[in-house]
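Based on these hints, arrange chain R on the given structure of chain F.
Chains as they are written, first to last, in our numbering: chain F, 3 to 343; chain R, 3 to 343.
These are calculated hints, taken from the structure and not from any lab test.
Please note that a few of the clues may not be correct.
[As the list claims (entries may be wrong)] Per label pair, the in silico range of CB-to-CB distance:
no.: 1; chain 1: F; residue 1: 121; chain 2: R; residue 2: 105; range: 25 to 33 Å
no.: 2; chain 1: R; residue 1: 26; chain 2: F; residue 2: 302; range: 56 to 64 Å
no.: 3; chain 1: F; residue 1: 131; chain 2: R; residue 2: 258; range: 33 to 41 Å
no.: 4; chain 1: F; residue 1: 33; chain 2: R; residue 2: 265; range: 41 to 49 Å
no.: 5; chain 1: F; residue 1: 329; chain 2: R; residue 2: 217; range: 19 to 27 Å
no.: 6; chain 1: R; residue 1: 105; chain 2: F; residue 2: 328; range: 24 to 32 Å
no.: 7; chain 1: R; residue 1: 106; chain 2: F; residue 2: 114; range: 17 to 25 Å
[To be verified] Chain R regions said to be covered by chain F (calculated; three or more residues, Cβ under 8 Å):
no.: 8; stretch: 158-168
no.: 9; stretch: 190-199
no.: 10; stretch: 311-319
All residues carry an ideal CB built from backbone N, CA and C; glycine is no exception.
2 protein chains.
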Amino acid sequence: MKTIEITPPYLIFLGTETKKHLAKTGAGLVEWRPELCKGQLSLIDNGVSLGLPDMTLQQAVDAGIKTVLIGTATVGGSIPDSWLDALEEAALLGLDIVAGVHTKLGDIPRLKAAAEKSGSKLIDVRVPPAKIPVGNGKKRTGKRVLMVGTDCAVGKKYSALAMERDMKAMGMNADFRASGQTGIMIAGEGIPIDSVVSDFVSGAAELLSPDNTPDHWDVIEGQGGIFHPGFGAVTFGLLVGSQPDAFVVCLEAGRTHVAGWEDDYELPSIEDVIDRTIAIGSLTNPAIRCVGISVNTANIPEAERKAYLEEIEKRVGLPTVDPLKGGTQRIIERLKAEFPA
Amino acid sequence: MKTIEITPPYLIFLGTETKKHLAKTGAGLVEWRPELCKGQLSLIDNGVSLGLPDMTLQQAVDAGIKTVLIGTATVGGSIPDSWLDALEEAALLGLDIVAGVHTKLGDIPRLKAAAEKSGSKLIDVRVPPAKIPVGNGKKRTGKRVLMVGTDCAVGKKYSALAMERDMKAMGMNADFRASGQTGIMIAGEGIPIDSVVSDFVSGAAELLSPDNTPDHWDVIEGQGGIFHPGFGAVTFGLLVGSQPDAFVVCLEAGRTHVAGWEDDYELPSIEDVIDRTIAIGSLTNPAIRCVGISVNTANIPEAERKAYLEEIEKRVGLPTVDPLKGGTQRIIERLKAEFPA
Chain F
3 MKTIEITPPY
13 LIFLGTETKK
23 HLAKTGAGLV
33 EWRPELCKGQ
43 LSLIDNGVSL
53 GLPDMTLQQA
63 VDAGIKTVLI
73 GTATVGGSIP
83 DSWLDALEEA
93 ALLGLDIVAG
103 VHTKLGDIPR
113 LKAAAEKSGS
123 KLIDVRVPPA
133 KIPVGNGKKR
143 TGKRVLMVGT
153 DCAVGKKYSA
163 LAMERDMKAM
173 GMNADFRASG
183 QTGIMIAGEG
193 IPIDSVVSDF
203 VSGAAELLSP
213 DNTPDHWDVI
223 EGQGGIFHPG
233 FGAVTFGLLV
243 GSQPDAFVVC
253 LEAGRTHVAG
263 WEDDYELPSI
273 EDVIDRTIAI
283 GSLTNPAIRC
293 VGISVNTANI
303 PEAERKAYLE
313 EIEKRVGLPT
323 VDPLKGGTQR
333 IIERLKAEFP
343 A
Chain R
3 MKTIEITPPY
13 LIFLGTETKK
23 HLAKTGAGLV
33 EWRPELCKGQ
43 LSLIDNGVSL
53 GLPDMTLQQA
63 VDAGIKTVLI
73 GTATVGGSIP
83 DSWLDALEEA
93 ALLGLDIVAG
103 VHTKLGDIPR
113 LKAAAEKSGS
123 KLIDVRVPPA
133 KIPVGNGKKR
143 TGKRVLMVGT
153 DCAVGKKYSA
163 LAMERDMKAM
173 GMNADFRASG
183 QTGIMIAGEG
193 IPIDSVVSDF
203 VSGAAELLSP
213 DNTPDHWDVI
223 EGQGGIFHPG
233 FGAVTFGLLV
243 GSQPDAFVVC
253 LEAGRTHVAG
263 WEDDYELPSI
273 EDVIDRTIAI
283 GSLTNPAIRC
293 VGISVNTANI
303 PEAERKAYLE
313 EIEKRVGLPT
323 VDPLKGGTQR
333 IIERLKAEFP
343 A
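Okay, chain F solo, but in the shape it has when bound:
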């Protein structure tokens, strides 16, 4: 697959971070890929912990770790100078370094020189692979389910990860396909679709879910929203290139307006998102259909969750779940019923 690829196992690099919510990427890795996270490294005494064994870089190498993953979001998206000694040492020890920050790792001369010396790789998960083709729109083998959202940041990535986990637990052949930087770090591979030049965005989506066996499901992380005034083109290209057989609409309970565009844009209804996704997705897969609704209910009182999900389920007529509070099995049952082996 012509995607970014990251070699496990990982040492999660926590730098000088003290706040857990700023180590979200690292926490996501530990949550969704615990088997790949062998250790953590904080540069300070009172730093944040993800509950992994603390290791020096040399200990990481001795333990067979291949990659240092920067697991924190830094203010401004750059790499603090105080981290460079450790990252340079990691590169000199032959460890790959993976980051999703704005500063490119290869633009930092000390790191570039160290990586060249040892032959290790500096991987920026914001940078798409080279030579992505234009989408060809040809039918691929295997099956695909895409997360689509009423908006950005509603839980599309976690819905896809939960579906992958639950599908595997139910004995299905499924793989999460990452289309954004945090998803790529979790999956260990993928393409940052929003960073691809627009002429090639559906071609990138085609690379992300290549031909597969008839029983295999790609569970594809969504991006943006088809009614989003800023990012809709990304959503469109991902939808057309993914040629999904099925999709799940993801939303955040209680959100009424497009986040960041509140003055001008109300959110579309779930029904609007379903209709528009089918209309556009039919171009490359005329049999596309919606199989469920995934709601992030973190922002409403727990006592209201059940009624909230039931109201949507009754109205829309599709299994409606919070993927992190009870799992996605009911959506998967629907998927199996719609697409019998």
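Just chain R now, with coordinates in the frame of chain F:
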């Protein structure tokens, strides 16, 4: 405007080209912007001519020419070595050089050094301006009409140029807005929308048609097609960012399948394109409407043209013209009727 900008008047550079159809960019410039084209330069005796005065580079400088525009499409999209002496001399004389080829001008060391010495600019019209913002979706002043197509290469650019010319002749306040490389060379400014990273494509479209006076029309060159399996995301972003009040559907008479995707994709109907464009365009302009159909009839016998246009006009109920065989006045009359001053 944060777009590519080219300084007139121009010397059209024809290199070693002998075939007129490969000097299409130069011919387009002479056709649509004759007042800006002051001379031509061929490097060979039997080279192609656009009917402009032949000039040496020094004569061009003496005549007040500011920019050398490469007016030919070269095989493979690179710049032949045999052109470099002349282009280097042009840069040393302080002339800007503009090209739309794959090789970046600034990547040719001789040209880069010459331009740095004289302070002239090397402009690649395939390279979008830096720091394009995410689309904000805010309503802008002034009015906009966008060309949309049933496919790529159906005449969207020439339809827009013909509308601009005819609108000006009818006393209206109108400007062609170029979204592709040849259009940018003709307009002298613009943004190559298909080269913009997908996160920013609607933001680029917003830059392309900024706030203007209430009576002003931007006549925006379209890209791709909203039912195109490869380039639809570009079309989507341009549509949403342009927030057009009106649009014109462009097609090529007789074409039945998506060019280059013939095995898999039939063309959508005009009615499908109208409906989908209104559905998507309503996000940023709920009053969007279609005002006409522009048909490139070059591929059908002249005797059939009238009946072909009349059949569409009767079926769709909108003014239907070939913009290069009779003008776009009937579409413009419809535009004026729909949007009275």
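Verification of the hints:
The given range of 25 to 33 Å is respected by residue 121 (chain F) and residue 105 (chain R), whose C-beta atoms sit roughly 31 Å from each other. With their beta carbons about 60 Å apart, residue 26 (chain R) and residue 302 (chain F) fall inside the hinted range of 56 to 64 Å. Against the hinted window of 33 to 41 Å, the Cβ-Cβ separation of residue 131 (chain F) and residue 258 (chain R) comes to about 35 Å, which satisfies the hint. Residue 33 (chain F) and residue 265 (chain R) have their C-beta atoms about 44 Å apart, which keeps the hinted 41 to 49 Å range intact.
Checked against the given bound of 19 to 27 Å, the beta carbons of residue 329 (chain F) and residue 217 (chain R), roughly 59 Å apart, lie outside it. Restraint check, residue 105 (chain R) to residue 328 (chain F): a C-beta distance of roughly 57 Å breaks the suggested window 24 to 32 Å. Take residue 106 (chain R) and residue 114 (chain F): their Cβ atoms lie about 23 Å apart, and the range 17 to 25 Å holds. Check on the stretch 158-168 of chain R: 0 of its residues sit with their Cβ under 8 Å from a Cβ of chain F, so the three-residue criterion for coverage is violated.
With a cut-off of 8 Å between beta carbons, the stretch 190-199 of chain R has 5 residues touching chain F; three or more are needed, and the interface restraint holds. For a cut-off of 8 Å, the count of residues in the stretch 311-319 of chain R with a CB near a CB of chain F stands at 0, and the three-residue condition is violated.
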